[in-house]
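Peer 1: Residues per chain are reported as follows:
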Amino acid sequence: AQTVTQSQPEMSVQEAETVTLSCTYDTSENNYYLFWYKQPPSRQMILVIRQEAYKQQNATENRFSVNFQKAAKSFSLKISDSQLGDTAMYFCAFMKGPNTGNQFYFGTGTSLTVIP
Amino acid sequence: GAVVSQHPSWVICKSGTSVKIECRSLDFQATTMFWYRQFPKQSLMLMATSNEGSKATYEQGVEKDKFLINHASLTLSTLTVTSAHPEDSSFYICSASTGGLRNEQFFGPGTRLTVL
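Protein chains in written order, with the working numbering: chain A, 1 to 116; chain B, 117 to 232.
The set of hints was computed from the structure by calculation and includes no laboratory data.
One or more of the hints may lead you astray.
Claimed, not checked - So these bits of chain A aren't anywhere near chain B, every CB distance computed over 10 Å:
#, residue
1, GLN8
2, MET11
3, VAL19
4, GLU29
5, SER42
6, MET45
7, LYS70
8, ALA72
9, SER80
10, LEU84
11, PRO116
Unchecked claim - In silico SDA-like cross-links for lysine to any residue, where the CA-CA straight-line distance does not exceed 25 Å:
#, chain 1, residue 1, chain 2, residue 2
12, A, LYS70, A, VAL19
13, B, LYS157, A, THR87
14, B, LYS136, B, SER199
15, A, LYS96, B, MET161
16, B, LYS157, A, GLU52
17, A, LYS96, A, ASP81
18, A, LYS96, A, SER65
19, A, LYS96, A, ARG50
20, B, LYS136, B, ASN186
21, B, LYS157, A, GLN2
22, B, LYS157, A, SER42
23, B, LYS157, A, LYS70
24, A, LYS96, B, LYS182
25, B, LYS157, A, LYS55
26, B, LYS182, B, SER199
27, B, LYS171, B, LYS157
28, A, LYS55, A, SER76
29, B, LYS171, A, PRO98
30, B, LYS182, A, TYR105
Note that CB positions come from ideal geometry on N, CA and C, so glycine has one too.
Here chain A stands alone, though its shape is the one from the complex (with noise of 0.2 Å):
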């Protein structure tokens, strides 16, 4: 079985500054997906960022990024200039490779607050 592990239930922090969500995983599959979900308060949940297993080159999408350790089963996400706007429940979210059923399954969450 997949398991998703976020082990910080909330962080904060100052407006333009830089932080980092972690997220560990436990799977024996070698091909498989990463993402990181944004879930604001409107609770539609919002897809940051993906991250294919077979690739060593970390995701980016703008101010958002990742630091992906295969070997380790590390998936942390790094939000630079932080915005009020990025205050949500952020989720990380695993998925075997395809034709496998297409599930997800998400780590318990981390609450981020932006700090003005």
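Chain A is fixed; fit chain B onto it per the hints.
Peer 2: Relative to the frame of chain A, chain B by itself:
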């Protein structure tokens, strides 16, 4: 981008009644849809996986006779909570997958169910 809608967004019902929640992919065909349950300040828990034209696959511990899932077309899946009780009160979220190599999943805005 792909849009998934849910209806209703909020429903209040009396204990013992049944409630139907619809999940629609508005601008794409979803080969697979997923239903999640989220309690306050908790993560999303996968309830079942729904493929068009076939029976849903339920996660361990989810009562298939209580949570009826129908995936009648490539754009519509429904979740019916039968004989609802107060402990069924929760936030229900669906997601839809396009399948294929990218394994994209798009989330609906969720439905808040309150059982009195």
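Peer 1: Which numbered hints does this structure break?
Peer 2: Those not satisfied are hints 5, 6, 16, 17, 23, 24, 25, 27.
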